[in-house]
Amino acid sequence: MAKIKNLKGLMIPITDYPHMPYWATLEEAIVLLNFSYETAHDTILVFDESYKLIGVLDQKKILRNIHPGFSKLSPEKVSDDWEKLISTHKLDKLKKPIKDFITPLNIIVDVKEHALNVAHLMLKHNIDLIAVKESENVVGVVKLHDIFHEIAAFILKF
Amino acid sequence: MRSLLSIFKKIKFKKADISKASHPDSVSFKERYGCFQQLLADNKSILETMADMEEKLSGDYMLDMHYVDTKCNILVEKVQSIIENLNTLSNDKYPGLYDAFEKINSVIENTLIKNIEIPVTDFTIPFEDVTKDMVRSVGGKNANLGEINNRLNLPVPKGFCISAHAFKRFMDYNELVDKINVSAVDTNSMEDLTRVSKAAQNLVLNASVPPDLEKSISDAALELERKAGHKTGGFYTSVRSSAIHEDAQFTFAGQYKTALNIAPKDVVSAYVEIIASLFTSRAIFYCKSKGFHVEDMVMAVGVVEMIDAKASGVVYSRDPMDEDSRGIIINGVWGLGKYAVDGIVKPHSYVISRDISAPILEKKQPVQPFMLICGLEGGAIDVRVPDYIKRMPCISDEQAITLAEYAMVLEKHYGKPQDIEWALDLNDNLLILQSRPLRIIAKKQSKPVPRYLPGHKILINKGQIACKGVGAGKVHFVTNDEELNSFPEGAVLVAKHTSPRFVTAMNKASAIIADVGSPIGHMASIAREYSVPTILNAGIAMKTLKAGQEITVDAINVNIYEGRIEQLLKAEKKDDTFKDTVVFEVLRGVLQSLVPLNLIYPEDEKFSPQYCETFHDITRFAHEKAMNEMFKLGEGAHQKKGGAVKLIVKLPLDIRVIDLGGGVENASDRIKVDNIACIPMKALLKGMMSIEWPGPPPVNVKGLLSVIASTAMQPNPEQSLSEPSFAVISKEYMNFSIRLGYHLQTLEAYAGDSINDNYIRFLFRGGGASHDRRARRTRLIKELLEKIDFRVDRTGDVLDGRVTKYDRTTIEKKLGVMAKLTAFTKQLDMTLFNDSVVDWYVKEFIKKHYVE
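First to last, the protein sequences are chains A and B. So for the first sequence, the working numbering puts the first residue at 358; every next one is plus one. So for the second sequence, the working numbering puts the first residue at -8; every next one is plus one.
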């Protein structure tokens, strides 16, 4: 019987993942995500000055904060004009530090943890990304996307 | 020379002293800074002195040995001082410089001594064995006649030289150097000078000619008579001075005695008379005031067959009044040439075209009433011109054309217009008696390059001259070393900054323009060595000029014209009349041990004392190493910490100040920003306070957000984020070692009144992120620093940048930008995920903070 992999092979090393300090602005975060588009990373890890991981910033959070009422609009009121989404007034928000918009990362798993346990945690807490540690250092992150791929491969063997 | 030797002894003494006295910890910051300042001052003085000497070598100035001696003394002293100061600054790290100095200095000494060294030759030397290279043995006039005879095969009278060695024999035999005492003469008293001159001349006239010398002269005179063959009315000679120091010869032209129509038996006594004429009161005045010693006054003598001239005169290979004219001017008189030279009679004159067709352009033959001829018993006598020739031309048209041809050969050989004395003997043979540079004409010839040349567009008219001259060519920009490899022949090198590395293009460049640089900098010196017209501090050349654009660089009036202007290039031809003099030869020789720069690349392993071949090498080496030693001062401050006072400033930095003197004003135990008097520090703080600093403090995020206990990386666990930053400062100097986040940066600057001293150096290394991100940050900093004209070396996350030779205000402006860059890049490495992100930040910084 095939064993479920541990995280070593599924994890994205932290050095390969977009990250920035919490005082970076929303604008800088957008730039970073934009320039990391080809890597398919849709979140940014956020650190403090002593390189402690304090949270994650995702694309949805960014969109919600550029235009806070946007998600609550009824569908017919959503404009087909970009200008209305990004007015000068709203762009001021871009100068704000990302610390105001990040989601804390409270769950951390050991690199030896197996993928199914991590899948379990993700479903339980409704999250797509979990930090991975080795000894006492954060060494990477694991995404639901990759865990799912692993599980799918296992299922499709049947 | 004696003074040089005495200095040299002092150096050896001091060297021994230093090695005993120095102790690694005994030199305080203040002492070190004192050494550095002295070194900067000496560096400036050395470069200025060398620049002056090179300028003098241009041929536009009359020089004397006193000048060369004085300048060499200054350089010896300053180079000695530089070596001592560098060794004090570095705790004797460079003892090899003493050896390099000794080696170079001994070459300089030998070059200077050579000037008064009289080559050992025969007492007499026939003209057949003489060339122009033998000036020191036979004097200028004799050497020229030998050259004309032996290398150009033009006819000259037969003759021989009584050598400088013979002169020495005469002086030594009679102990005249000791007896002729000019040391006590008062040069302000004509009476005193006359007295000493008379005494000296009497000593010579009453001296005995050593038997061996007398025999040599008499034998040579008899041999000359034999060579000349039988002459109707006997054989006579002309005995003429031929001074060894041509500068003296210029000064005393016509002052030394010439004895005409001397029988061979009387040549020895004529020789003594001519030697006596060396000690005129003017010559003694010159000798004393210009730093010559009596032993430097040397005279050779020429003995030539007396030409019983039917006619004689002078040829000017160019028209004195119009250098562009195609005419060669010949003046002649019946009889001996003295009447033509002295203007006693109106000469016959011809203007002969330099072109072959229709050669005679003009001919005048006034009636000549009197003429000078050789007396039957020797000497010259004045007689009436016989009626049958009185109204006839003194030379035929063919003879005039032959003289013109001779003139062109001589001008071509010597490379400058000539003033030629000629004679026509009784057998109608034309002879050249003397040829020398046409000085009066040469002066007129070098029309000054006009201040502005109307009708031509001036592109730039500001800057400083580093090497005078005019050059033209196509603009070739040099922004990095690689572009020097493909530098096209004849192009004009245009760069933002000067660099000694330009040496590789010097033999190809027709001119050099740099927006920034000092005329007494290293590259300027090289430009002068290669005679490349150079304008520095042009300011706008990189912006104004276009690649490939044809321009003319007038580095005389500081104008850069559009297009190639032949008129300017032609006008620039130099009058280098003085360039052949012995003193120039000495200066040229000495400069070879002073100026060429061999230590070009600091990163080269040969950038070391053992490869220093000139004083310039030592100076550059010492300046470079002294800057490195000073750069380390900040590190020392971290270790010693003594005397550091906290700076009260609203910045996320803990700054401690160590004042070397003049850096802080009116402060007590605490220093506020207003107390800072240090020019670079003030500029930096102003910039730092004008920008919003990213990151903590003040917000304590731990209260806001939950933090995962583990750090992502451990950048440098032993390094505390709150470690203080030390600034070692004086009025003009700052060495600021900044601990910021996980990187270390040292910012050193000097901002004084002399642009040659001014610089900023910036070292940046480390960071908290992964190596690739740290390397991206140094790439970002490199790009931004290069935008403000830094020269930057970068390897991974280590960056070393420097900018030099800007005026104080510009240094201050650049420091303002550096301050903002310091804040901007703080922990930015974390964010630099890929190169596109770096590019965005570069643009962002320029948009927000770039000053220009």
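If you're looking for bench data, these hints aren't it; they were derived computationally from the structure. Owing to the predicted nature of the structure, the values given are computational and were not obtained by experimental measurement. Treat the hints loosely; a few may be bogus.
What the hints assert, rightly or not - Covered stretches of chain A, as calculated for chain B (at least 3 residues, CB under 8 Å): (1) 367 to 376; (2) 381 to 390; (3) 414 to 422.
Stated by the list, open to error - Cut-off 30 Å, straight-line C-alpha distance, at most; resulting in silico cross-link-like pairs (DSSO-like, lysine-lysine): (4) K452/A with K778/B; (5) K459/B with K409/A; (6) K381/B with K329/B.
Cβ atoms here follow ideal geometry from the backbone N, Cα and C, with glycine treated the same way.
Tested hints:
1. 367 to 376: Result for this restraint: holds, n = 4.
2. 381 to 390: holds (count 4)
3. 414 to 422: Violated - the stretch 414 to 422 of chain A has 0 residues with a Cβ nearer than 8 Å to chain B, which falls short of three.
4. K452/A with K778/B: Holds, at about 26 Å.
5. K459/B with K409/A: 63 Å, violated
6. K381/B with K329/B: Roughly 18 Å between the alpha carbons, so the hint for K381/B and K329/B holds.
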